[in-house]
Amino acid sequence: MDTKESPIKEIKSKISIVDLVSSYVPLKKSGRNYKGLCPFHNEKTPSFMVNPDLGMFKCFGCDAHGDQFEFIQQVEGVDFPEALKILGQKTGVEVKNFKSSEDATRSSQRDRYLAINSQAAEFFHFILTKHKIGAEALEYLHKRDVSDTTINEFKLGYAPNSWHSLADFLNKKGKRPEEIIGVGLSILGDNGRAHDRFRGRVMIPFFNLSNEVIGFTGRTLLPGEEAKYVNSPESPVFSKSNFLFGLNAARLEIKKSDLAIIVEGQMDFLTPFQAGFKNIVASGGTALTLGQLNLLGRYTKNLALCFDGDKAGEMAMRRAINLCEEKGFNVKLIILPKEFKDPDECVRHDPEIFKKAVNDALNAYDFYFVSAAKRFDLNSAVGKKEASNFLLPIIKEIPSIIEQAHYIQKAADVLKVLPEVISRALQSTAVKVDRDFKDDHQAISVSRGVAGREEFLLSTLLKAPINDILPIIDELAKKDFSENNQSRFEYLKEHLLLEPDMDITEFVTQSLEPDYWQNLLLLDSGDFKLEILLDLVKYLKKEALNTRLRELGGKIKTAEVASDKDKVAELRLESKEIYDKIGSL
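Residues 1 to 585, numbered by the numbering used here, are exactly what the sequence shown covers, in order.
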């Protein structure tokens, strides 16, 4: 291996996927894999797996997956060249002047995509500000108190209500149709011709920290349009989970004030920013992500969240609080007066009201009490019960005894009961935990379904020592699996028996379904326990027999309608034999 020509390979040889991930996430050995809590979404039970043989990670909760470079890109919120630099520094590999053919291809494509987005932004902005087609959209923005200064600063635009106006413009500029599709500005129709993704919409460009246009969101002006907002899809230049709208303009003020105000939508950013709240960003949706937090962590550890006041916004607040606190951020919640549905509406009415709401932001636990007061009738017995069911699991999770005592007293005051009543109730309150994966017999619980159990079994057979699983293989037959997995079992069985010392990585990569077997290899099937697997085999056999019984039941009814007594007798005999087999299992 010529490491001078291949720092990617050299980096991978110098830092294993397990060592790299474990520097960010505590990992525990689990068979051939290592498992831990996923760094990319909030979970209480590990569904994040790392396999050293494949050099891959995968989360079975959020589907994040990849190698060392993909891990750094997602956990640090950077692109591939930056991930290459980070790993080069970690391993002492020189990458400053390196561009592999793959990297050069990516870089060239990225430059072309950015150029397409830039020209599209200029096109939309011209239509909005200089062309009569954009007059209605410009009037709409002015009615929403968006100034010309803001329109120009953020390059707001308008996409004509036309199927091909942007594509025709870009084609005349020499842009390739397949790349216009690739960056998400065109969509290939059923007739084989591409058409514009954005039509009849106010266009808001997405800028990265280098002030390059990486994507767009479009707000419809068409009555009856089903989707109010349409966003650019994921592309080589745009990753929604690693992007915060407005961070390019707000980052210096965020660092200076040591606080980031986080709102949901782009309009919720634009009007407050215009009104002087320069330390504000928009998540682009209610689900705050780890990538977004990694970006903010470069500038501050203090966050003030202000999402919509509806139930979805409230649930998003709860998820965001948990994720932020796990990552060491100090979180407060901005509560707007009830008459305002969002920051945009509040600021347009009176910026001072929004300023006061920011200054009066609540800590996380106080927010839950405000939420309970909004949702439940605290003057009725039923309302108090519902509020206690909501609040007590949250109070029980508070790690500080002193802080917990404070909120026990607060809950007693709110519910108008003695603190001792709250304390007693906490003793029987279960902490709310997301159960994604279970241990032992629970790992093959009914909630997994037949397909889940079959994959659990195939995963174990794939990873366990051949001598340990021979009793399982002897017990199993092709007919014990559902139709989709019958050939997979036969394929695995053949390799296990003919090649007991097979290289598992080669088996995965050379199969016709490498992604399927890779997922099974990464699946957390726990430590090998023969009795559990034998129970599972018995269950699958019963399920297969019950499926056959249901088929026979339908055939018996058909034969009875046809008055075919011989066929009925034959089918009933087969049914009896199956009942006997089920009873013997």
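Check before you lean on any hint, since a few could be wrong.
Said to hold, decoys possible - Computed list of lysine-lysine pairs in BS3-like fashion (alpha-carbon distance at most 25 angstroms, straight line):
#1 Lys341 to Lys327
#2 Lys581 to Lys479
#3 Lys301 to Lys29
#4 Lys557 to Lys581
#5 Lys541 to Lys581
#6 Lys538 to Lys567
#7 Lys410 to Lys356
#8 Lys143 to Lys130
#9 Lys576 to Lys542
#10 Lys301 to Lys278
#11 Lys538 to Lys557
#12 Lys143 to Lys341
#13 Lys478 to Lys410
Everything labelled a hint here was simulated from the structure, so no lab data went into it.
Hint check:
Annotation: proposed proximity of Lys341 to Lys327 is violated, straight-line Cα distance about 29 angstroms (limit 25 angstroms). Of the pairs offered as hints, the one joining Lys581 and Lys479 holds, with about 14 angstroms between alpha carbons and a cut-off of 25 angstroms not exceeded. Taking the CA atoms of Lys301 and Lys29, the gap is near 32 angstroms; set against the 25 angstroms cutoff, the hint is violated. A distance of roughly 22 angstroms separates the Cα atoms of Lys557 and Lys581; the hinted pair therefore holds under the 25 angstroms criterion.
Between Lys541 and Lys581 the CA atoms are separated by roughly 9 angstroms; this keeps the pair inside 25 angstroms, and the hint holds. Taken as a hint, the Lys538 and Lys567 pair is broken in the structure, with Cα atoms around 30 angstroms apart against an allowance of 25 angstroms. At roughly 24 angstroms between alpha-carbon atoms, Lys410 and Lys356 fall within 25 angstroms of each other, so this suggested pair holds. Simply put, Lys143 and Lys130 have alpha-carbon atoms about 18 angstroms apart, close enough for the 25 angstroms limit, and the pair holds.
Only pairs whose Cα atoms come within 25 angstroms are accepted, and Lys576 paired with Lys542 is accepted, the gap being roughly 14 angstroms. Straight-line distance between C-alpha atoms of Lys301 and Lys278 comes to about 17 angstroms, which keeps the hinted pair within the 25 angstroms bound. Taken as a hint, the Lys538 and Lys557 pair is broken in the structure, with Cα atoms around 29 angstroms apart against an allowance of 25 angstroms. With a CA separation close to 18 angstroms, the supplied pair Lys143 and Lys341 stays within the 25 angstroms bound.
Taken as a hint, the Lys478 and Lys410 pair is broken in the structure, with Cα atoms around 61 angstroms apart against an allowance of 25 angstroms.
When the structure is compared with the earlier hints, violations turn up for hints 1, 3, 6, 11, 13 and for no others.
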